[in-house]
Every structure is written in structure tokens, then in C-alpha cells.
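So the chains spell out like this:
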Amino acid sequence: LAKTTQPISMDSYEGQEVNITCSHNNIATNDYITWYQQFPSQGPRFIIQGYKTKVTNEVASLFIPADRKSSTLSLPRVSLSDTAVYYCLVGGLTGGGNKLTFGTGTQLKVEL
Amino acid sequence: EPEVTQTPSHQVTQMGQEVILRCVPISNHLYFYWYRQILGQKVEFLVSFYNNEISEKSEIFDDQFSVERPDGSNFTLKIRSTKLEDSAMYFCASSGLRDRGGTQYFGPGTRLLVL
Numbered sequence: 001l002a003k004t005t006q007p008i009s010m011d012s013y014e015g016q017e018v019n020i021t022c023s024h025n026n027i028a029t030n031d032y033i034t035w036y037q038q039f040p041s042q043g044p045r046f047i048i049q050g051y052k053t054k055v056t057n058e059v060a061s062l063f064i065p066a067d068r069k070s071s072t073l074s075l076p077r078v079s080l081s082d083t084a085v086y087y088c089l090v091g092g093l094t095g096g097g098n099k100l101t102f103g104t105g106t107q108l109k110v111e112l
Numbered sequence: 001e002p003e004v005t006q007t008p009s010h011q012v013t014q015m016g017q018e019v020i021l022r023c024v025p026i027s028n029h030l031y032f033y034w035y036r037q038i039l040g041q042k043v044e045f046l047v048s049f050y051n052n053e054i055s056e057k058s059e060i061f062d063d064q065f066s067v068e069r070p071d072g073s074n075f076t077l078k079i080r081s082t083k084l085e086d087s088a089m090y091f092c093a094s095s096g097l098r099d100r101g102g103t104q105y106f107g108p109g110t111r112l113l114v115l
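These protein sequence lines are chains P and Z, in that order. Residues in the first sequence are numbered from 1 upward in steps of one, following this note's numbering. Residues in the second sequence are numbered from 1 upward in steps of one, following this note's numbering.
With the rest of the complex left out, here is chain Z:
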């Protein structure tokens, strides 16, 4: 069964450093998403991406965040200058044309720790 994959599984960085989180969505999917989950809290939507542009973004997704689909397979989330409060699990998700609204397939996540 196809899966969404994410790398790295864990990332430790210093405050102010840039990080890039990588995702490989399911191959025939066209919609891509990033979510995050701070320890003990809800899963929060960050951004959705379709046709090489952002479809929707949340208030969390400020100028420090960016997304890119640099090639036909990868989907990345960049945090330009990390803050302590960016420490969280970051989940990538994807969905296809045949998936109804509400159906998304999540990756295993990247645990980001900002020191």
C-alpha cells in the first residue's frame, strides 16, 4: 500500500537556524498539506498546496514558513529562523482527485526540537 514518507524522523536545531522538513507524498496525489502537533496538543493545520501554489494557510504559517515542491516527488516545509515554540511533530499529508474531502493520508511525522 502506498504511503507518505517523511525525513528526517527527528531533527534537533538551535534557535534561529533554518530547517527543511521533507515529505514524499503518495505518487498520484495532487493535494499536499502540512500539519503540526505540539506535544500534548491538537493536530493543527498549517498549509495546503495544489498545482504548485498554496491553496490555504493558517495563522501559524507566517513569513518564517514556506513550502515548495522542488521536483515531481518531494514536498518540503522550510522554517527560516526557528523559535523555541516551533518544537513539535510536523506531519505531511496528501490526497488524490478521487479522495473525498476529509480523506487525507498522513506521514509518520518529523519530530522537531528547537533548543
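Isolated chain P (complex conformation):
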């Protein structure tokens, strides 16, 4: 599995856009990039997944440059409730049954 590197922590204020970048220099051709969110004492929650270019859903956007060696999770206009740990994972295109390998993630703290 490709190793990922992301900042340990980030601080922001309500209403700001937050961009969390993840490095995955050894990403393989068949790897997707997936981001999860975890609140304290809760299970990780799938946020967004992409392979290349840009993906947007109702929660976030994911920007992936052409070389795919990094990706950026963009959270528009964060609120206090976006305070959580965000994990970047890289894994195969193949279907289910693949284990997820979580790193330490990025602790995002949103303040007033």
C-alpha cells in the first residue's frame, strides 16, 4: 500500500475554506485516493474518493494533480462541527474486501 503523509494538525476559523494536503509519492496505477473523517469516539466516516483531477460532492472537493503524487481535500466554509481527524488513504481499485490502513491523520480544529 502506498504510504501517505499529511500534516498532524491544522487550525481554522468558522467560515474559512480549509485545504488539507496529503502526499503519496508511491501511489500505484490502480490506487484510488479516499478521505475519511473521524469525530472523537465515533467510527471513521467516508467523505470523498477520487482517482484523478477533481471530484466534488455535497461535503468536500478533492483535487488530484496529474502526477497523482499528492491530493488536497478542500472543505468549504468550515464550521465548529468540522472539528475532527481527517485521514487520507490510498488503495486499490479492486472491489471490496481490502483492508484500510489508517495513518495518524490530520487533526482539524475549527474555532469561532
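Misleading hints may appear alongside valid ones.
Claimed, not checked - Computed cross-link-like contacts, DSSO-like style, restricted to lysine-lysine with a CA-CA straight-line distance of at most 30 Å:
(1) P:K109 x Z:K42
(2) P:K52 x Z:K42
(3) P:K69 x Z:K42
(4) P:K109 x P:K3
(5) P:K3 x Z:K57
(6) Z:K42 x Z:K78
(7) Z:K42 x Z:K57
(8) P:K3 x Z:K42
(9) P:K54 x P:K3
(10) Z:K42 x P:K54
(11) P:K52 x P:K3
(12) Z:K42 x Z:K83
(13) P:K69 x Z:K78
Claimed, not checked - Just so you have them, the derived chain P footprint on chain Z, three or more residues with Cβ under 8 Å:
(14) 18-27
(15) 96-103
Hints in this document: simulated from the structure, not taken from any laboratory. Each residue gets a CB set at the ideal place from its N, CA and C atoms; glycine is no exception.
Please build the complex by placing chain Z on the supplied structure of chain P, with the hints as guidance.
Frame of chain P, contents of chain Z only:
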């Protein structure tokens, strides 16, 4: 929206006792997983399960652990003789045929405390 559910939410047990953690995966999912997270540490993979057998297991998943899908809805994790170091949050997850690799849906977790 369908969710993975887990029971109990909290479990306190004595060292050496057996515990069974229960999960109800999303109904049309076919792949099931258990993860654990010791307080302040990473989420760690324990085991994956498909077609009524274990697909993959980690080093953590030793002979003290077992999984079972006793009926069409439940998925259980049994720890035969609990140790202090088994204290953690245990998360069940599931995924379906249409989910790409990397997409799993997690339950709220069971907090296990071994005394």
C-alpha cells in the same frame, strides 16, 4: 440512509472473560470488517470477512479472536479470554459489491474496557 449498527455501545469486562461484540452491517453488503482503535492511537485493521470466511487478518487477530456471521444480518467478533490490552474501541465496517476499494461504512463502535 442505511447504517452499520453495533451493540453494545460500551462493555466492561474482567480480564480473562469472553466478550462478544455484535454488528449489523448494511443489508445488501457482502464484505465485513473489524477494526480497533486504542485510545489516542490509529485505527487498526483486525479482520475482513467475505462469503462466510475470513479473507484477511492482521497480526493482532490471534487465536483469541474469532468472527462469525451466525445469521443473515449479524456479524460478531468474539474475544475468548480478554486481556487488559484489548481495551479499545472496536469498529465494524461493511462494503458492497458496487463500492470501490477504499470505501467502507463504519459503525459507531463498541468501547471495550477490560479490568
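Do the hints match the structure? See the list:
At roughly 18 Å between alpha-carbon atoms, K109 of chain P and K42 of chain Z fall within 30 Å of each other, so this suggested pair holds. The hinted pair formed by K52 of chain P and K42 of chain Z meets the criterion: a straight-line CA distance of about 27 Å does not exceed 30 Å. Between K69 of chain P and K42 of chain Z the CA atoms are separated by roughly 23 Å; this keeps the pair inside 30 Å, and the hint holds. A hinted pair counts as satisfied when its Cα atoms are at most 30 Å apart, and K109 of chain P with K3 of chain P qualifies at roughly 24 Å.
Our distance criterion of 30 Å between C-alpha atoms is met by K3 of chain P and K57 of chain Z, whose separation comes to about 20 Å. A C-alpha spacing of about 21 Å is found between K42 of chain Z and K78 of chain Z, which places the hinted pair at or below 30 Å, so the restraint holds. Using a Cα cut-off of 30 Å, the hinted pair K42 of chain Z and K57 of chain Z holds, with the two alpha carbons roughly 17 Å apart. About 15 Å separates the Cα atoms of K3 of chain P and K42 of chain Z, which keeps this hinted pair within 30 Å; it holds.
With a CA separation close to 21 Å, the supplied pair K54 of chain P and K3 of chain P stays within the 30 Å bound. Between K42 of chain Z and K54 of chain P, the direct Cα distance comes to roughly 28 Å. Compliance with the 30 Å bound is thereby established for this hinted pair. Using a Cα cut-off of 30 Å, the hinted pair K52 of chain P and K3 of chain P holds, with the two alpha carbons roughly 18 Å apart. At roughly 19 Å between alpha-carbon atoms, K42 of chain Z and K83 of chain Z fall within 30 Å of each other, so this suggested pair holds.
Simply put, K69 of chain P and K78 of chain Z have alpha-carbon atoms about 40 Å apart, too far for the 30 Å limit, and the pair is violated. Check result for the segment 18-27 of chain Z against chain P: violated, 0 residues qualifying (beta carbon to beta carbon below 8 Å, three or more required). Here the segment 96-103 of chain Z counts 7 residues with a CB under 8 Å from a CB of chain P, which clears the bar of 3, and the coverage holds.
Violated hints, in rising order: 13, 14; the structure is consistent with all others.
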